[in-house]
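**Q** One-letter residues, chain by chain:
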Amino acid sequence: MLAFTIRRILVSIPILILSTFLVFLLVAWGADPLGDFKSKNPPPSASEVAAREHALGLDHGLLVQYWNWIRNLVVHGNFGPSVQGAAFDINAELGRRVWVTFRLVICAIIIALILAVIVGVITAVKQYSVTDYVATLIGFFFLSLPVFWFAILLKIWATDINNATGTNIKTLGPPGGEWGGIGSWAGYLVLPTITLALVSYATWARFQRASMLDVLNSDYMRLARAKGLTPRRVMVRHGLRTALIPMTTQVTLDVAAIMGGTVITEQIFQWQGLGTMFLNGIRTQDTNAVLAWLLIAAALVIVFNLIADILYAVLDPRIRLA
Amino acid sequence: MTENLPPRDPNDEPGEVDLGPTPGGRNAEFLGEQGQQPGLAIDAVTPGGEDVLGGGPEPSDREFGVQARNQWQLVLRRFRQHKLALVSLVVLFLVFVFAFLGPVLWHYGPNDFTDDFSVAPSLKHPFGTDSNGADHMAQVMAGTQLSLKIAFVVAIGASVFGSIYGAVSGFYRGATDSLMMRLVDLFLTIPALAVGALLGKKFGNNWELLALVLAGLLWTGSARVVRGQVLSVREKEYIEAARALGATDRRIIFRHILPNVAGPIIVLFTLLVATAVLTETALSYLGFGVQFPDISLGSLITSGETAATGGRGWLFYFPGLFIILIALTVNFIGDGLRDALDPTQTKVRA
Chain G
11 MLAFTIRRIL VSIPILILST FLVFLLVAWG ADPLGDFKSK NPPPSASEVA
61 AREHALGLDH GLLVQYWNWI RNLVVHGNFG PSVQGAAFDI NAELGRRVWV
111 TFRLVICAII IALILAVIVG VITAVKQYSV TDYVATLIGF FFLSLPVFWF
161 AILLKIWATD INNATGTNIK TLGPPGGEWG GIGSWAGYLV LPTITLALVS
211 YATWARFQRA SMLDVLNSDY MRLARAKGLT PRRVMVRHGL RTALIPMTTQ
261 VTLDVAAIMG GTVITEQIFQ WQGLGTMFLN GIRTQDTNAV LAWLLIAAAL
311 VIVFNLIADI LYAVLDPRIR LA
Chain V
19 MTENLPPRDP NDEPGEVDLG PTPGGRNAEF LGEQGQQPGL AIDAVTPGGE
69 DVLGGGPEPS DREFGVQARN QWQLVLRRFR QHKLALVSLV VLFLVFVFAF
119 LGPVLWHYGP NDFTDDFSVA PSLKHPFGTD SNGADHMAQV MAGTQLSLKI
169 AFVVAIGASV FGSIYGAVSG FYRGATDSLM MRLVDLFLTI PALAVGALLG
219 KKFGNNWELL ALVLAGLLWT GSARVVRGQV LSVREKEYIE AARALGATDR
269 RIIFRHILPN VAGPIIVLFT LLVATAVLTE TALSYLGFGV QFPDISLGSL
319 ITSGETAATG GRGWLFYFPG LFIILIALTV NFIGDGLRDA LDPTQTKVRA
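In order, the protein sequence lines correspond to chains G and V.
Count along the first sequence from 1, add 10, and you get the number used in the numbering used here.
Count along the second sequence from 1, add 18, and you get the number used in the numbering used here.
Rather than coming from a laboratory, the hints here were simulated on the basis of the structure.
Ideal Cβ placement from N, Cα and C applies to all residues, glycine included.
Take the hints with a grain of salt, since some may be wrong.
Each computed BS3-like pair below joins lysine-lysine, with the alpha-carbon atoms no more than 27 Å apart [as the list claims (entries may be wrong)]:
id : chain 1 : residue 1 : chain 2 : residue 2
1  : V       : Lys220    : G       : Lys48
2  : G       : Lys50     : V       : Lys101
3  : G       : Lys136    : G       : Lys237
4  : V       : Lys254    : V       : Lys167
5  : G       : Lys136    : V       : Lys142
Far from chain G, by Cβ distances over 12 Å, these chain V residues were calculated [unchecked claim]:
id : residue
6  : Ala212
7  : Glu226
8  : Phe306
Some chain V residues close to chain G (C-beta under 10 Å, calculated; not the full set) [to be verified]:
id : residue
9  : Gly331
10 : Ile342
11 : Leu343
The shape of chain G in the complex, shown without the other chains (with noise of 0.2 Å):
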């Protein structure tokens, strides 16, 4: 288990700095970091951009300034220089804007599993029931969405509620990421998390029903049930238990690509977190910002990957790590 991990971990390695080096290339090729001030009007004399180039170190080669970025980053733990001006210390704002975030993207995950795996292995056992066919079609609504559209439909809605009936459910996010008691967390919280969740459930609450489909088709179903066991034991003893293996490493894989994937809802509700970031960094072309924000993202899918095929290994006994 143990050489397991360790080779594992071993060939993440190169990925993540091949990663690194392709996600720089990417930015230096879609960003020009002196595109505002280059337009300014009236427009800057040479020598002036050549100076800002010189103080951001862009007048080296490209592979000279990715080796000046990654040894930056590495030996001193700095994203680099913001052009958003000193103010901006990018080290500091991931290390705030990642909790925003996290709080965004935890309770809708722990939502859409719990609803997933239920949704999902009720619709398995009643298989081309009218619940099975009900539940498919509103899955297959929830990933036809338009979440950013989704989004704004919410809020209007919530609009709508907070007029007729007094309630307080929080349109945006908390400025300044002050959240107050836990009646104004939560009026925070609901509407985004709604949002995050009915996407995820619907791929979920479809895999969970494939995956439980193919263990009630197995011989140790037929068994349990002739030895018999109640049909609840057997289902969930024998049944879920086992049917819950591939669903934990499809929403493991899955958790990073969310944490990617809050750019749209984080705009929408205006969450000072790191898809904000990102977005601002986009329209300001701060490269270190964005590349910044690249480089967590492209590390969390590694990381999940890894936890991914450990926990298979772990939970699957049919997985032999030889």
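Starting from the known structure of chain G, arrange chain V on it as the hints suggest.
**A** Structure of chain V alone, referenced to chain G:
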């Protein structure tokens, strides 16, 4: 009496029915088969079963209209039994007509300003107008057209490239395969939406380039699935036969392997269309996709968002409705195709 007997399972291969004229005539033969399975009522009609026997009143007088169906006819038959997919196909076709024929027929253009400012939907303006007096239905037509164009270019580009990539990787195996698949892993570490936003900001003023960027981000799924399929297909006897006949690698990949993994490729294609529509509209909504003066359903929602909070909901609901229509119908069609293309799929289950 039993002329209308359908096959017991719509998925029965034609070969399972003995086509040769038997002395006792068709009916006798079928009765014999039924006789071995007393549990089956002779006139039972299976769902979606067809009158394959021709249903003539005097069956013994004429040849039976049963002919061997090729694979695609079978697929078509099974697809037709998926009612939701069939309805979706019709709806999607109507959306296409609306988007491509609509602008030709409709007497307002998306940038024509009328004297009706912020008018709610009416007969004159079925989707209402915006605050500049532009007809919203014309705008939605233009937006749907561009979003559809981008989605299909993305899906075609990504599935063609992904399929060839996956086929080559799976066909050569070994070091080539490892290298190519590690490259896919590398691509998968980068969130498509984020890179789409980054590059869309640069290329968004040209929709063809934007589509190319999105295709470049979404091809990995097809590559992985096709590779997996190719790994098993390449061991089949007919591949060995082709090689024995002296076929080149390229010929084997394009003429023998890819056509035999067409099923998953087609299903993935439909899923890609849905993903592409949702991604493109999301990017355009954020301002990193299609840019003015081009109109996408996503950029319409950007302007509709504020309008909706001001009580002019039609500017927000209609573009969203069309995004859902496209994504939902395409997903249903994909689901129907998946059922139709899967040879192990049977409708009757124990």
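**Q** Going through the earlier hints one by one, which of them does the structure break, listed in rising order?
**A** 2, 4, 5, 6, 8
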